[in-house]
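Participant: Each chain, written out:
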Amino acid sequence: MRQGKGIQYLFLIFAAIVVVLTALIFLFLATGLGLFFSDGYSPLAFFTGTSWNPHSGLYGILPLLVGSFAVAALTLLISAPLALLVSLYIVEVAPDAIQRPMRTVIDLMAALPSVIYGLLALTIVVPWVRVTFNAPLGKGILPAVIVLIFMVQPTMVAVAEDALRNVPRETKEGSYGLGATRWQTITGVMIPSARRGLISAVILGLGRAVGETMAVQMVIGNVATQIPKNLVTGAATMPSQIVTEWAEATSQIHKDALIMVGFVLLVITMGLIIVARRTGARTA
Amino acid sequence: MAISEEVGNLPVIDEESFDKSGSLDRAKILDKVMTGVMWVAALFLAITMIIVIGLIFYQGVPTLSWDFLTNSSSYSSETPGIGPLIWTTIYVVVLSLVITVPIGIGAAIYLNEYSTGEGRFSNAIRFSIESLASIPSIIFGIFGSILFVRILAMGLSVMAGALTLAVMNLPVTVRLAEDALKGVPESFREGSDALGATKWETIRKVVLPNAFPGFITVMVLTAGRAMGETAPVIMTLGTTISPNAEYSLNRL
Chain A
1 MRQGKGIQYL FLIFAAIVVV LTALIFLFLA TGLGLFFSDG YSPLAFFTGT SWNPHSGLYG
61 ILPLLVGSFA VAALTLLISA PLALLVSLYI VEVAPDAIQR PMRTVIDLMA ALPSVIYGLL
121 ALTIVVPWVR VTFNAPLGKG ILPAVIVLIF MVQPTMVAVA EDALRNVPRE TKEGSYGLGA
181 TRWQTITGVM IPSARRGLIS AVILGLGRAV GETMAVQMVI GNVATQIPKN LVTGAATMPS
241 QIVTEWAEAT SQIHKDALIM VGFVLLVITM GLIIVARRTG ARTA
Chain B
285 MAISEEVGNL PVIDEESFDK SGSLDRAKIL DKVMTGVMWV AALFLAITMI IVIGLIFYQG
345 VPTLSWDFLT NSSSYSSETP GIGPLIWTTI YVVVLSLVIT VPIGIGAAIY LNEYSTGEGR
405 FSNAIRFSIE SLASIPSIIF GIFGSILFVR ILAMGLSVMA GALTLAVMNL PVTVRLAEDA
465 LKGVPESFRE GSDALGATKW ETIRKVVLPN AFPGFITVMV LTAGRAMGET APVIMTLGTT
525 ISPNAEYSLN RL
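Those sequence lines, one after another, are chains A and B. Taken in order, the first sequence gives residues 1 to 284; the numbers are from our numbering. Taken in order, the second sequence gives residues 285 to 536; the numbers are from our numbering.
Simulated from the structure, these hints should not be mistaken for lab results. All values derive from a computational prediction rather than experimental measurement. We put the beta carbon where it would ideally sit given N, CA and C, even for glycine. Please note that the accuracy of each hint is not assured.
Unchecked claim - Each computed DSS-like pair below joins lysine-lysine, with the alpha-carbon atoms no more than 27 Å apart:
id, chain 1, residue 1, chain 2, residue 2
1, A, Lys172, B, Lys316
2, B, Lys489, B, Lys466
3, A, Lys5, B, Lys483
4, A, Lys172, B, Lys466
5, B, Lys483, B, Lys466
6, A, Lys5, B, Lys312
7, B, Lys466, A, Lys5
Unchecked claim - If you anchor each label on the Cβ, the simulated ranges turn out as follows:
id, chain 1, residue 1, chain 2, residue 2, range
8, A, Leu24, B, Ile370, 29 to 35 Å
9, A, Gln99, B, Asn494, 25 to 31 Å
10, B, Thr363, A, Arg277, 48 to 54 Å
11, B, Asn494, A, Pro192, 39 to 45 Å
12, B, Gly338, A, Ile98, 39 to 45 Å
13, A, Thr187, B, Ile435, 32 to 38 Å
Produce the complete structure using the sequences and hints provided.
Facilitator: What follows is the structure, encoded as structure tokens:
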């Protein structure tokens, strides 16, 4: 009996480690705030600065925020409808013989490491952009968006599929029984009934698009000195800039500025998680 | 979909009254069109991925050779190789698994077997797991770089990389391990309880052996995630391998 008690405390400690780690991550990322205190950089200059240029001591986050926002918004615009159609296809349309291979493809997409997506984008998408848009480098927001559209599909499809499958059978049968076509049933019954889950799917996909680092870093060009003006010249997102400059950031203020960008990213992602929780679906 | 086919075969009693407005026809046409759109969307995704993955193999396999897999890493085209990289990858993944898997399974056992699922502590754990699971990996890179590389003075090292990956994979491991434990039928536990076993005896002799295959899955999936992770590893393990220590165990 006594041994059992000891073991229980051991497991409790393991569980507590998870909580402690979460707290530590927040704590360490919050040390980025040192940028405003010990390094004396003005918060106004950080949040409204239109140039990120460590060589001239400029740490304006706007080019990164705009980059992240543009990449995420454009990705959503295309990937959300695509994921909805694909998950509807899997749940309602696909013949049994196709359903399984389709799932395999989606699982495979989830299993590909992001650096592989980046490499593929670098060898396929970037040259295409270079030729098609007559862009000197072919790197920028557009290739990042193209690769992210595929990268967020597994997350979105999995959550959306879950939500659509949970639509009660009776509800669907009722709609078919009234003589509705399949598409009428989908738009009139299934989508409204699965609405919350579908919103979660979009938010989680958005989280993935905002946080994606390597694939984006490889194709976006990593130019943060100005706010991006178009989709096919160099830009940067928050994570891509952190990983680009982390190793070369030797001064305290540069490092703190990067940690602060990480902190902003963390706050944005946590906001998304909380919204996803509110909509009621299981996250991740 | 079976339902709609059945419905489609039924005689529609009042078809004329629908047809006056033509709305039924239009609905049917729209249905056909949208079915086509869904097919196109799904096939587009599947075919693109198949082509892309095929391309990796088509371009990659011809350059694969034993020498490439075992040579020292080098940018020169004379003797390209990824031997030390493969070794470091395996090393760092195994190290991170050694840390993550016991803690992850332990936490899962607490959550699934001991905790009632209510109360502040359980809530805090759930929220932590959910948060950790959704945080971008770059955040873990910053965290590992500050804690392991700088504060604990490990420098850019295999150990720092492995610890960072361990932290990153912990929430997924807990969740998957919990699924494995949930897969053990409740009646098994009740049977063991009825035989007078203590909680720990039940866990050790009934729950864990039955959840074991699930734990193997946990390890494989966690290893896969750890192996493909990039940004946090660049930030904590670095990007260079000393030529004198390519296969060293002690590059900690």
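Participant: Work down the list of hints and note, for each, if the structure agrees.
Facilitator: A quick look at each hint next to the structure:
At roughly 18 Å between alpha-carbon atoms, A:Lys172 and B:Lys316 fall within 27 Å of each other, so this suggested pair holds. At most 27 Å may separate the alpha-carbon atoms for a hinted pair to count; B:Lys489 and B:Lys466 meet this at roughly 16 Å. Note on A:Lys5 and B:Lys483: the hinted pairing holds, with a Cα-Cα distance of about 9 Å set against a maximum of 27 Å. For the hint linking A:Lys172 to B:Lys466, the alpha-carbon distance of about 30 Å lies beyond 27 Å, and the restraint is violated.
Pair hint B:Lys483 plus B:Lys466 holds up; C-alpha atoms about 16 Å apart against a cutoff of 27 Å. Using a Cα cut-off of 27 Å, the hinted pair A:Lys5 and B:Lys312 is violated, with the two alpha carbons roughly 66 Å apart. At most 27 Å may separate the alpha-carbon atoms for a hinted pair to count; B:Lys466 and A:Lys5 meet this at roughly 22 Å. A C-beta distance of roughly 32 Å is found between A:Leu24 and B:Ile370, which places it inside the suggested range of 29 to 35 Å.
Evaluation of the 25 to 31 Å hint for A:Gln99 and B:Asn494 yields a pass: the beta carbon distance comes to about 30 Å. Taking 48 to 54 Å as the suggested C-beta distance range, the pair B:Thr363 and A:Arg277 conforms, at roughly 53 Å. As the Cβ distance of B:Asn494 to A:Pro192 is approximately 41 Å, the hint placing it in 39 to 45 Å holds. The hinted range of 39 to 45 Å is not satisfied by B:Gly338 and A:Ile98, whose Cβ atoms lie roughly 19 Å apart.
Between A:Thr187 and B:Ile435 the beta carbon distance is about 55 Å. The supplied range of 32 to 38 Å is therefore violated.
Going through the hint list in order, the structure does not satisfy hints 4, 6, 12, 13.
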